[in-house]
Amino acid sequence: MKTGKLLSAVLAAIMSVSTMGLLTGCGGSDSGSSAAPSGNGGAESKAGSSEAAEPSGEKVTLEVLTNRTDRVQDGSLDKLTDPFEEANNCEIKYVAYEDYAGSVSTRMGTDDYGDVLCIPDDVALADLKNFFEPFGTYDDISAKYRWADAKMDADKNVYGISTGGNAVGILYNKKVWSDAGITAMPKTPDEFITDLKQIKEKTEAIPLYTEYAAADWTLNQWGNLVNSASGNPNYENDILEKKLDLFAKDGGYYQTYKLMFDIFSTPGILEEDHANTDWESSKVWFGEGKIATLVMGSWAISQFQENAGDNVADIGYMPAPFTAADGKQYAETSSDFCMGVSKHSKNVDLAKKFVEWFASESGFAQKEGMIGSALNSQMPDNLSAFQDTVTFSKTSAPDNLIGKWDEIDKESGVGIWDGSNDNFKLKMAEAAFAGKGESEFEAIIKEANEKWAAARDKILGK
Amino acid sequence: MKTKRKHAPFKKWIKTYEGQKFYISVLFLLIPVLLLAVFTFVPAVNMIVYSFQDRDKYGANVSWVGIQNYKTIFTDTSILSTFKNSLYYLCGSFIQQVIALLVASILCSKIRAKGLFKGILFFPYLMNGVAVSIIFKKFFVKGERGIVPEGTLNSVLSVFGIEPIKWISAESPLLANICLVFVSIWRYVGFDIIMYIGAINSISPDLYEAADLDGANPWQRFKYIVFPSIKPIISLQLILAVKGAISVFEIPYIITGGTMNTSTFVIDTINTAFSKNKVGLASAMAVILLVIIIIVTLLQKYFFREDGSKLRQRRKTREGKR
Chain A
-5 MKTGKLLSAV LAAIMSVSTM GLLTGCGGSD SGSSAAPSGN GGAESKAGSS EAAEPSGEKV
55 TLEVLTNRTD RVQDGSLDKL TDPFEEANNC EIKYVAYEDY AGSVSTRMGT DDYGDVLCIP
115 DDVALADLKN FFEPFGTYDD ISAKYRWADA KMDADKNVYG ISTGGNAVGI LYNKKVWSDA
175 GITAMPKTPD EFITDLKQIK EKTEAIPLYT EYAAADWTLN QWGNLVNSAS GNPNYENDIL
235 EKKLDLFAKD GGYYQTYKLM FDIFSTPGIL EEDHANTDWE SSKVWFGEGK IATLVMGSWA
295 ISQFQENAGD NVADIGYMPA PFTAADGKQY AETSSDFCMG VSKHSKNVDL AKKFVEWFAS
355 ESGFAQKEGM IGSALNSQMP DNLSAFQDTV TFSKTSAPDN LIGKWDEIDK ESGVGIWDGS
415 NDNFKLKMAE AAFAGKGESE FEAIIKEANE KWAAARDKIL GK
Chain B
1131 MKTKRKHAPF KKWIKTYEGQ KFYISVLFLL IPVLLLAVFT FVPAVNMIVY SFQDRDKYGA
1191 NVSWVGIQNY KTIFTDTSIL STFKNSLYYL CGSFIQQVIA LLVASILCSK IRAKGLFKGI
1251 LFFPYLMNGV AVSIIFKKFF VKGERGIVPE GTLNSVLSVF GIEPIKWISA ESPLLANICL
1311 VFVSIWRYVG FDIIMYIGAI NSISPDLYEA ADLDGANPWQ RFKYIVFPSI KPIISLQLIL
1371 AVKGAISVFE IPYIITGGTM NTSTFVIDTI NTAFSKNKVG LASAMAVILL VIIIIVTLLQ
1431 KYFFREDGSK LRQRRKTREG KR
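Those protein sequence lines, which keep their order, are chains A and B.
Under my numbering, the first sequence has 104 at position 110, and the numbering climbs by one with no breaks.
Offset between the second sequence (1-based) and my numbering: plus 1130.
This is chain A alone, in the form it adopts within the complex:
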């Protein structure tokens, strides 16, 4: 009898303990995905020994977090990395996340967020030093790499090196556009809308696909056109320094979003059901010529080419249809994700070496049709339509304004890169879909202007 009671007590105790074990086990594997434990184990055993490659012993494992689920799944990233792994006797373990920013922000709440990771864009520049190792000062890095200021804090320390960049423009199906009888690329918003109407008349394709079901990120693609529309590398700094309205007429923001509003208000040139657009399927439809135009960053080009089958040559990319006052067309080039090295990495030097190798020698950017981040790299072929345009990358902010743009954006709640339901972009789009006129557009930009001005005056002083 007594043993029976004892047994049940022990059983209960074991169960509660094992549940706890299960819990902590869960927590560990959850934050580390599959790679973390092995990555840490390898790193720890290596920590004591020297940096140079060991003949025997365990290999160092670097855990690299990336947004490219597709490239991890098809193994091309692993293949790409083989030379680096051999040269440095290490192992690079890629961990990809579908919802990159969301998953990584959770991991960054702990100390375990890989050795190398693409820096999520919503980490405030001022906070970079809490999470990442600096690569050097702006002057050092900008001598070798493009977009060195993308992840730079107010002390001009650079925490991330770009994995490649994009010229900004609009994706179009060459065959559909020529079938519609369009010979010259549009240079102004009016020409662009006229062309879309012509496509509607002469072809079966949807002239412009909004991708509105994924509005939280697809509408942001319009925002990429802003600097190109302004034709001014210093546009953002000017807005702050000269205290311009965010949507000042003839500025980049006004022109870009006016174009979006006008297109979305024009009946017939969009898909019918905006609530049910489908991003993955649209890649196939685009190749088949069922969609004529999409506003997307050039990062999307390679994805659409992959899904185009035999029609790869039809996928074209054109500059934003804006002509500046000087009669030229401009296109901004901007950085894709930047890679940084975790502050908590056990192999900081090797990790930095990897980031620099990835940016300059890996050939990743070329393969993806992006502009390489090394200064001496060539423009990729698929941007040939940009021959007549002037490309520029935006000037970095002057010392007193570094990080202020994002700060004002967050404080004001305008949300230039935010895709919430009450964001100005979504309000504009829905006003346009509902056929509300110009006055609604003006009301939306007036509200945004006021919010922006109030936050700017609060942060920069009157």
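These aren't lab readings, by the way, just hints derived from the structure by calculation.
Fair warning: there could be bad hints in the mix.
[Unchecked claim] Subject to a maximum C-alpha distance of 27 Å in a straight line, what follows is the list of computed DSS-like cross-link-like pairs (lysine-lysine): (1) 445(A) / 430(A); (2) 181(A) / 73(A); (3) 1296(B) / 252(A); (4) 1431(B) / 421(A); (5) 196(A) / 1296(B); (6) 421(A) / 1268(B); (7) 169(A) / 181(A); (8) 421(A) / 1240(B); (9) 196(A) / 123(A); (10) 421(A) / 1201(B).
[Unchecked claim] Over the 10 Å line for every Cβ pair with chain A, so calculated as not near, a few chain B residues: (11) 1141; (12) 1188; (13) 1258; (14) 1267; (15) 1270; (16) 1271; (17) 1273; (18) 1298; (19) 1336; (20) 1377; (21) 1386; (22) 1390; (23) 1425; (24) 1430; (25) 1431.
[As the list claims (entries may be wrong)] One side of the interface only, derived from the structure: several residues of chain A facing chain B at Cβ under 7 Å: (26) 99; (27) 102; (28) 121; (29) 197; (30) 198; (31) 209; (32) 230; (33) 266; (34) 270; (35) 398; (36) 412; (37) 416; (38) 424; (39) 428.
No experiment lies behind these values; they were computed from the predicted model shown.
All C-beta atoms, glycine included, are put in the ideal place defined by N, C-alpha and C.
Got chain A sorted already, so can you dock chain B onto it with the hints?
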């Protein structure tokens, strides 16, 4: 001495049946309580703490702002105004109660294959909310010439010669919200039906017999026997409906993502935290939702305690008579 004297009875007590029962149940309770603490209480306390802070997703540069977040919620009209979409769901839940009551009354009468109908009607409630939402996302699709075929609803309507309708659109937020409310009703009505069937079945058959003898028609039977007997269940359902309407989330989140003026307070809270990166403000919003839910729950408890005490009183008087 004192402690020893106290200690000894405890040692004895723990060996008794009562004592054994006590510590075994404590040990077993440890597991669920631990799970509850780790996944509910600790995050909830954290959330309340966060609501007094200005913080982002990464928890860097946290600063204390006092009740500023709560001030923002009550002064910035755009935040609380999303509760207006909850009204659609509240209206919907009244319709839901009527349908449920009607179907339950039918299922309680003498018909064939009662169990089968019960099963079919209850099935949507068993399905995962995400699955239901995805099904209805396809259900409401407006087709695209040459690319997307018409959705289920439009295909069925076309059989009757009705032109395809754009169900979820910015032109008509009313229609879009009605569609979503319909999905909500479809999913939850089965649960209500089962509740009502249970309530109706618990009515003594003697009453029906007596009513039949007096020549009551079905409507009179419902009005004077069924309705008064299931009143407590109806009021419970209505309170649950209020709770549901305030905290509706997955159906609009998956079908529209909150676009086309179909956003709800919970969707806005999530966007505030993870899209606008204002975790402090979002926590405050969540706390406010929590407070509202607690108030509604307390109201519910209050009403039902009344009923309970009345019942007890009645029983007492009955016993007294005996």
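Structure-based check of each hint:
no.	hint	result
1	445(A) / 430(A)	23 Å, holds
2	181(A) / 73(A)	41 Å, violated
3	1296(B) / 252(A)	26 Å, holds
4	1431(B) / 421(A)	41 Å, violated
5	196(A) / 1296(B)	25 Å, holds
6	421(A) / 1268(B)	25 Å, holds
7	169(A) / 181(A)	19 Å, holds
8	421(A) / 1240(B)	54 Å, violated
9	196(A) / 123(A)	55 Å, violated
10	421(A) / 1201(B)	25 Å, holds
11	1141	14 Å, holds
12	1188	5 Å, violated
13	1258	20 Å, holds
14	1267	7 Å, violated
15	1270	8 Å, violated
16	1271	5 Å, violated
17	1273	8 Å, violated
18	1298	4 Å, violated
19	1336	48 Å, holds
20	1377	17 Å, holds
21	1386	6 Å, violated
22	1390	6 Å, violated
23	1425	26 Å, holds
24	1430	31 Å, holds
25	1431	31 Å, holds
26	99	4 Å, holds
27	102	5 Å, holds
28	121	4 Å, holds
29	197	11 Å, violated
30	198	6 Å, holds
31	209	6 Å, holds
32	230	19 Å, violated
33	266	6 Å, holds
34	270	5 Å, holds
35	398	15 Å, violated
36	412	5 Å, holds
37	416	6 Å, holds
38	424	4 Å, holds
39	428	4 Å, holds
Against the hints set out earlier in the document, violations occur for numbers 2, 4, 8, 9, 12, 14, 15, 16, 17, 18, 21, 22, 29, 32, 35.
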